[in-house]
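Engineer: The lines below spell out each chain.
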Amino acid sequence: MAAVKYIASDKLPDWLKSLAAKSRVLVPVAEGGGVVFRPYAPGCRPVFDSDATAPPKGAVFPACQELFRYEQGKDPEDPGKPTLKLIASTEAEPTVVFGAKPCGARGFLIFDRVYIGKKFPDPYYIAAREATVFVTMACAAANVENTCFCHWVGSGPADGSGSDVLLTPVAGGYTAEAVTDKGAALLEDPALADGAAKADEAAAVKAAAREVLGEAPDIAASPAALLAAFDDADFWRDQSDKCVSCGACTYLCPTCYCFTITDEPKGMSGRRMRSWDACMHFQFTLEASGHNPRPTKAHRLKNRVGHKFSYYPTLHDGLVACCGCGRCIKSCPVSVDIREIVQNAVARAKG
Amino acid sequence: MPVLTGKELRIVGFLCNWCSYGGADTAGVGRFGQPTDLRIIRVPCSGRIDPLFIAKTLINGADGVLVSGCHPRDCHYAEGNFYARRRLEVLKRFLPILGIDPGRFDYTWVSASEGQRWQKVVTVFTEQIHALGPAPRFDAVSADMLAKAAAGALGQGGNRVAA
Amino acid sequence: MRIGVFICHCGSNIEGTVDTATVAKASLDFPEVVYATDTMYACSEPGQDGIIQAIKDKNLTGVVVASCTPRMHEPTFRRAVERAGLNRYMFEMANIREHVSWIGKDREANTNKSVDLVRIAIEKLRRDAPLSPSKFSINKRVMVIGGGVAGIQAALDCADGGLQVVLVERESSIGGKMAKLDKTFPTVDCSSCILGPKMVDVAQHENITLHAYSEVDAIGGYVGNFQVQVKKKATYVDWTLCTGCGACMEKCPSKKNPDRFNEKIGPCTSINIPFPQAIPKKAVIDPTTCRQFVKGKCGVCAKVCPTGAIKYDMADEIVTEDVGAIVAATGYDLFDISKVTEYGGGRYPDVITGLQYERLLSASGPTGGHIKRPSDGKEPKNVVFIQCVGSRDKSLDRPYCSGFCCMYTAKQAILTKDHIPDSQSYVFYMDIRSPGKMYDEFTRRAMEEYGARYIRGRVAMVYPKDGKMIVRGADTLAGTQVEVEADLVVLAAGAEAAVGAPKLAEKLRISYDKYGFFMESHPKLKPVETNTAGVYLAGSCQGPKDIPQSVGQGSAAAAKVLALFSKDMLESDPQISRVDIKRCVGCGKCIITCPFKAIKEVEFRGQKKAEVIETVCQGCGLCTSTCPQGAIQLSHFTDNQILAEVNALCQS
Amino acid sequence: MSRLEELKTRIKEALPGLECVIGWQKGYDPLHNTPLFMRTDADVDKLEWGPLNVHNPAVYLPTFTGKKVGVVVKGCDSRSVVELLQENLINRDNVVIFGMPCTGVIDLSKVKARLAGAGVSAGTVTAVTDDGKTVSVTAGGQTTAMPLAEVRADKCGRCQFPNAVLADAYVGDPIAPAAPAAAADADLAALDAMSVPERMAFWRYHMERCIRCYACRNACPMCVCRDHCIAQSREPHWLTQDDTATEKLMFQVVHALHLAGRCTECGECQRACPMDIPVLALKKHLNRTIRDLFDYQAGVDPQAIPPLLQFKLEEDNIKERSW
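Residue numbers (our numbering), protein chains in the order written: chain E, 79 to 429; chain D, 18 to 180; chain G, 389 to 1040; chain V, 656 to 978.
The following block holds chain E by itself, in its conformation from the complex (with noise of 0.2 Å):
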């Protein structure tokens, strides 16, 4: 890896600027009370001491993207005999994401294995995924909130996995790490000096952030415990009782990464398009004959918390479908808290 690099953060908005000459670049900025991640342009306030409301996932994996257009026409011999052209496109434009948290972007390592998997390898996502490169930005400890958890999930406030270039916040500015080649790329940029004499201010900040988060609770048994529960109609209805089922949870999170597929046809042309979807709504498993076996909150948050913590590390080597962000939690309109329930369900197995 190359050398730890600085930037003052006076220089950072001529590094955005070259940034954006060639890419889109995503930062967070703040909106009404949220904070989201917007294309960057000159004069923008980027916000890089709290974690954004929303994390950066709509960059690789879009709200809602269309999978092709189709246009019919007709055979003007027989206009009974449709003609149909599709047109489909899976390019992406180039985009850096710039100043998520760490978490946000490992985020993406769980959908990886499922979108770049070799059975049905997603286009869509794969094209999205390699033209974008994060620059994420480690917390220091004032940036450590009460919902964070990702030391629980095998991470940590500076991890750079699924990151490219890590920024560490330093007095004046920023340390930047490079994590891949394609990071690397990004550092050689005239804005960006040696950082070598920033480096050990740097590695102190990681360990005051970590230090912040404490000792995290062993959830290896999560996934049996899971399992163990999943019969357990009262444990459930206990735990989602004040569930009202939105999907502030998923939505929000930088794992969730289900989808729908609708159709919008316009007279004789049409859209396919994938949207996100939350298992929390009732309409996610809701079969055509009006079947539902995922009838109520409790199935489904029992789905929810089963899928992060036990179904997906059981299928991809004991990796946990949760980067710790605690969005869930901060972001749920009810306080619903999912470190709770695992720590419920590892209870109950335990006896």
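In short, the hints are calculated from the structure, not lab data. This list has only true hints and no planted wrong ones.
Simulated restraints on C-beta separations: (1) H369/E x D710/G: 41 to 47 Å; (2) K955/G x D748/V: 44 to 50 Å; (3) N447/G x H369/E: 32 to 38 Å; (4) R495/G x E975/V: 35 to 41 Å; (5) L305/E x K667/V: 35 to 41 Å; (6) P434/G x L968/V: 49 to 55 Å; (7) H369/E x T784/V: 47 to 53 Å; (8) R315/E x K667/V: 19 to 25 Å; (9) S791/V x A299/E: 37 to 43 Å; (10) R495/G x P154/E: 23 to 29 Å; (11) A833/V x H369/E: 45 to 51 Å; (12) L519/G x E975/V: 33 to 39 Å; (13) G756/G x N972/V: 58 to 64 Å; (14) N972/V x D710/G: 37 to 43 Å.
Since the structure is predicted, the reported quantities are computational estimates derived from the model, not experimental observations. C-beta: ideal position from N, C-alpha, C; glycine also.
Position chains D, G and V relative to chain E; hints supplied.
Structural biologist: Showing chains D, G and V alone in chain E's frame:
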């Protein structure tokens, strides 16, 4: 074929079958000339008109929506237009808070015998929509205005319309 | 779906301002359209055959016809597609005549608009589902509201056809306006001589139940099964005991009350039988003038009544009649002549209405058939008739012609000469409207044989002078001012909708025009039908009519009822609401708002759900716009159909 | 015995006959309380009362069809219960209402803004105290005192129903309502001050960030369609999945118009919004319209029929246009 560019605007009418659609027929039988912009969607009763149809039509880019039913007390279904009156009035007062000019929507009562009244309503309403011009679209708000919204700088000038 | 589109020329009605070939060609570019053509007259036999042939040749599964209003020919085309084997609801119309070609001259705009209307018809059709009606039983009783000559005719024809008839009359006797007439034009035969036997037939017909002195209070139900609440107003006389002997009238001390039957030009007693031929011939007490009611003491009639029929404590009574059809025959009322202040009606006793004059002419009237003017009882020599008082007058908001006044004025001029040979009649008229068999000849006779002087012109004013009424007006033919010294002035008051007609229309759920006359279903083709199934019109309630027209309509309405009742079961319109019980949350908002109580709450697997009662639902769709989750959908006008129309219009 | 203890006693007495009693308890951090479903006496001991009880527990009632449940309410929550009763969505015999006088709840957005102003993150709160007038929040090692009057929800400052409109067990003495609002709330006043095109820009700007999670809908006690909302159905098909401000705004229109005459203005829609979109202003505006047109307020009288489910032959305040 869309509306005739430069000539017509997109005006959608929702008419009850028994009175107003009949009134529009009567106007036709009487050869009471009208502007050509209006496209009529026939429904059984003004009570069938969910205000959401109108909101949807306007949000999706129509320049005007006109609703007409039987006169109060004269509903073919006895009460439909009484409910419609309340719902449509609530909608009319709601539209401006969304950013839709209240002049783009009107509702009225025209009976099957009132061909001339229908002619007048269509003429006046169409003129009104032409005076307002093509409807601004949500998906085409200017960057300037969006910047003002981002800066919380909306509502500083005059030009107020009561919501 | 395989859709066929047919664009009608309607001769030149549409083709004149719409390029139908272009519309047809454009239609081919719309989804699922496999065939499109223009056609000369889609509704004609060859036109319909063309549609049927195309359905067969092109395997069409849905049809759009762009022509006139669906209110006109939708049933025609539905039958046609059904003949070709399609479900009749797999059909939509685009109205490119009344809504396009007849209201605009710009051919380009009209053509373009027609394409749009075809487009939305196609989008709706693509979401149509085949519907089939269900059957329900009918109650083969009919109610006739109003016992004038039209109602009498309708009642008798229905009763003769074997139907049970309930006849409701507001006054204490049937007979209506015709019973008040002396003679009828153009035959000058005695009105009561020709009406009387029909009235007696009503009384004696075993199939007719008569509720006189009664009014319709409320109407529920629907075609085949109406429930009508009839308010029997208190008469204070037990009609089961009253024999109509008239002893009470002779002894009643309150004798100076204005006689409504005599149009208030004569007095009557507080307890009264309006006229000798009254059916039923029963007495009624007017509590507003009766001394027993006004002063609390009298009781004379109770003492003299040989059968003890007087019941001062009688109250209004509501009876419910279940019927399958209703004929409204509520007639008309007269224009209030006092509104034309310059003629002095209502101010000067010798300015009277034509109907009051009828009572003066009638042998059973207050003057025993001798023409005596109200002010001093003298026989008038110069009688002036003024036409169009409250007719054809925009300033009075009465722009319509009342139709029969020209004729009865001619009749009254003739009768005046008959009664008083040395009299002279003057008739101020605007135009003479006499388009009927022997009608024009009749007015000629009034002028030529009976010497009535017809003066074409409006009267400016009428005022009293030295015991005479001075009538000042214009003779527009001579171009001069005229002044006539009249002994009596008779105003041909126009006809108005009967008092309370709009209220009754609301109860019947039928339309009425701005003057209160009931609206027929189609001005030419459905003159006695209304837009509410099972409700028919007869006589002047629909608009002013003379006796033969009223009688004709009475028979026509009866024929409609008999045709309706010729089936044992009726088919309900399948365009009704249906509940998707998966989506229904049982909140009951649809139940609260349904105007027909056509939705009930049911329990399904322990959950409350709404259910539509098929035969009661009238298909208004109020429930569909009320249900927030769209769980109840009006067939053929579903949310998705209307949204598809909206989207089709907004997409461009 | 404090009022809260008395309330707990009353709940414990009633608990044996009930599926559960819904209230509030402490949440994952000192700033957040969370709904509590009491099934045992031990659960009841967790019950909290105070300005952090921001949630409206009425939202849960319709999900307990056929079961008898208890619910602890603030005055505003009780209006939602009344509205649910009015609309036949819950059965009076199956709900036991516990009430206490309420002096207002905080608006978390306002608290967050205060903390941000003090340079600390609301995510780092370690302690919250309240003395009835002031809320003191400790975060990032410093304590910020906030007068309740400044950080409470808009509805609290003009609350006309601080005591339950309807209660089976009421603990404490009813308190006087606040003075009726003299002017529109700041959010609505700001919209009022905008021109019509500015309002379009306003909604376009704010709706962009909507993630279509439907928290606004699912937290709304009057959104009883929930699983069958027309926003997510194809039959009927009102909305597409397009990620556009237009579709998102259309949903807010659906929500608002479906609430017309039914909304008790509890503010849950906006409170629940993770993106902090000012959707409540739409309902405030509609409620003003409903009041002007029909002199009606939702959730006050269990016998009343919502104004859009009834009519008058002659409407007092609807002046129709003459052409």
